[in-house]
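For reference, the chains in residue letters:
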Amino acid sequence: MATVFGATSAAISVSSNSRKLHLPSRRSLPGRRAGFLVVRSDAGANPNAGPRRAGQLITNAVATKADAAAPSAPSKPGHELLLFEALREGLEEEMARDPTVCVMGEDVGHYGGSYKVTKGLADKYGDLRVLDTPIAENSFTGMGIGAAMTGLRPIIEGMNMGFLLLAFNQISNNCGMLHYTSGGQFKIPVVIRGPGGVGRQLGAEHSQRLESYFQSIPGIQMVACSTPYNAKGLMKAAIRSDNPVILFEHVLLYNLKERIPDEEYVCSLEEAEMVRPGEHVTILTYSRMRYHVMQAAKTLVNKGYDPEVIDIRSLKPFDLHTIGNSVKKTHRVLIVEECMRTGGIGASLTAAITENFHDYLDAPIVCLSSQDVPTPYAATLEEVTVVQPAQIVTAVEELCQ
Amino acid sequence: MINRFKSKMGSLGLIHFSSWSSSFTRKSPVLVPFPASLTQNLRIPERKFGNSPAHFRFCSRRFESGKVETLSDDVDANQVLDLPEGKVKFTPEMRFISETAKERESCYRVLDDNGKQIMCSNYAEVGPEVAVKMYTDMVVLQTMDIIFYEAQRQGRISFYLTTVGEEAINIASAAALTLDDIVLPQYREPGVLIWRGFTVQEFANQCFSNKADYGKGRQMPIHYGSNKHNYFTVASTVASQLPHAVGVAYSLKMDRKDACVVTYVGDGGTSEGDFHAALNFAAVTEAPVIFICRNNGWAISTPTSDQFRSDGVVVKGRAYGIRSIRVDGNDALAMYSAVYAAREMAISEQRPILIEALTYRVGHHSTSDDSTKYRPVDEIELWKVERDPVTRFRKWIERNGWWSGEAEIEARNSARKQILHAIQEAEKVEKPPVADIFTDVYDCLPSNLVEQEKRLRETIKRHPQDYPSDVPV
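Protein sequence lines correspond, in order, to chains W and E.
Residue 186 in full-length UniProt numbering is what sits at position 186 of the first sequence, and the numbering runs on without skipping anything.
Residue 37 in full-length UniProt numbering is what sits at position 37 of the second sequence, and the numbering runs on without skipping anything.
Derived by calculation from the structure, the hints in this document are not laboratory data.
Keep in mind that this is a model prediction, so the values were computed, not measured.
Every residue gets a Cβ at the ideal spot worked out from N, C-alpha and C, and that includes glycine.
Hints are all accurate, no fakes.
The following label-pair restraints were derived from C-beta to C-beta distances: (1) W/380 - E/374: 54 to 64 Å; (2) E/94 - W/127: 33 to 43 Å; (3) W/342 - E/374: 38 to 48 Å; (4) W/203 - E/374: 40 to 50 Å; (5) E/450 - W/328: 14 to 24 Å; (6) W/359 - E/455: 12 to 22 Å.
All chains should be modelled from the sequences, with the hints used to inform the complete structure.
Right under this line is the structure:
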């Protein structure tokens, strides 16, 4: 895992030889990979940063409008796709690049995955590399861990994140621990991914927010994607990481459309994304709530506020560098999350910010979360348990008084 | 009453059963209730009872086989259900499969109780070098168990778990494998490591969790693991290694390696969900994995009669479509042969195999247990003395002229000396440094761990008297 925080200039080298990387033999994979383009989204000027892409700062989270800085080429660069296609693209590129990458999960093979993320891959790579498993989450997660310890890089798909609660034993006791308890002899480069969060009337069992339960497990990393761009980048980074990574997707974000670059890129697993720079208040969010925040931001801008919106992306560990710089600038923090009030990501983030940046705060941190209730089915009730833009606007107004 | 029986079989609701099984024809339905047992097969009676209810009769003897010609013609066209997994024949006989077979599945053995080879047994040959190495490794294992158990009682190590009574399973199964075969142990298989060349010093280092431990002092004693011996680190979670084994086999399958995976589990571990799913997966993915279940009769204080009601573990193999065998776990030659054959099948046919090794856990579950509290002492004595696998094997090698009394004394003394020395050395070696608390959680230290380590060091510096002096900072 890279330590990419500003002060240490041990940034990953950018090399143009990313395509020429030869595939190492299965049992002698190097611990570190250099030579791929790491795109950093930075809040402040950092002379050691990698090359900055034009148009990187997205002022509108739902990027269907034209990019702010489109080059003068006759046709627009990049290609447009939906988020689940971006995930698939990332997955496919990594499978082509490294023969040890494989996928396992329920209905991922010929069915193409419940959300079509693995569509077409079984035809291309065979049903050994894209493996349909019986319905036993703890066991196929365990199988992935065993395969990882032997040199493969499995991507374990949970049909819904909530089902991975059945795999908690394997994820906590084995996935997170075996690298440590074996004295570093066996590594577990798995990616565990799946859709979670509140959907449209999926009922309580299919609306779980597992990031809060998993956050405490030592040895794993957690990231949450929110746009096609970062979905593909995070997928690739997670696959390349030698640590176990849990990639949280959201059921309602799979059909987001965005234009992403044609050339290869990887996002950093430990970095937050600056969505909209501002001066008055720092709004920290991730996954679907990013869109509610951006909607609220429009209203706030009309009312004369200048919110800084950061998509934290990395849920474990938090990117306290980016967050800290923002807090030092605005002195006010609002956290908007979908997790429950108690024990959620917001609770943990509040503690981390208070501990580290207390002196910079002009007001107590406000955290908007879902209530501590199972998500009801009825549409009106469900809507009320999720933080809505109006609440965000009110909270900012109160915070900025 | 007969009039009530329609020609269709669907009028079951009107029929009273006094036994589970009964059969009747469509033309002349006859109820023959009698106190038959489940496994008895009732046939259609030759003598048909007509429409008179008075001819309804009780009978307690079996009838001759009935003729199916009495059934109507349209049954022939629908004799079979054609499903993708295979044809299923229909039957007009309602017969429940019994919960147990008439006899328990028999147990394969090559040596009798006195270590004499049984005539006409098919087995894999074991030459003198292999046999002597097997025996001396058993001696090392026994000696190690005695001395380390004592060390725990003396307070020198915190915990230990013996393999007494299961030495043959450990050593013989390891001897039938190659070093390329990957082993995923449960926790009572250090013999496999002994066979593969793990030294007593390495065992001692792990138990004393010193700097030289491959696990860097992070696990309890007996949680051995060694990459170079292809022996995955023991995890405390029961049966979690079984799905791992399937994953490893899947990996070998992708590699097309001439190797298989061997994983061990106890009778208690077969109750875990992971056991069932792993067997199921292994069958579905056609993975080259050998599941060896050490059925030693006890899961701490739970006897197998409280663990499952099936005929042991071997019958569960068929439920998942896995070839299985029951072996005398205290017979080293039988274990060797079974594992040898299983390995051939697993690799050449790319299929899983289940081996149930019947044995007995002579020792306590661990140093935290006193098994005399829940089982009779004479039961333990019986298995310890009369059915000891090591003695049985020794008699066989002595009979072959490959072993002698002197060799025995020499082997025992040498093992004892080495182990005592290893313990003394291990006790002296430094403990792992504080830095090792934080390394290997991830591939390299993230900022939160860097910060936490810094804080810890500051605290230790400020209050050195509150921290152990023998832990290097």
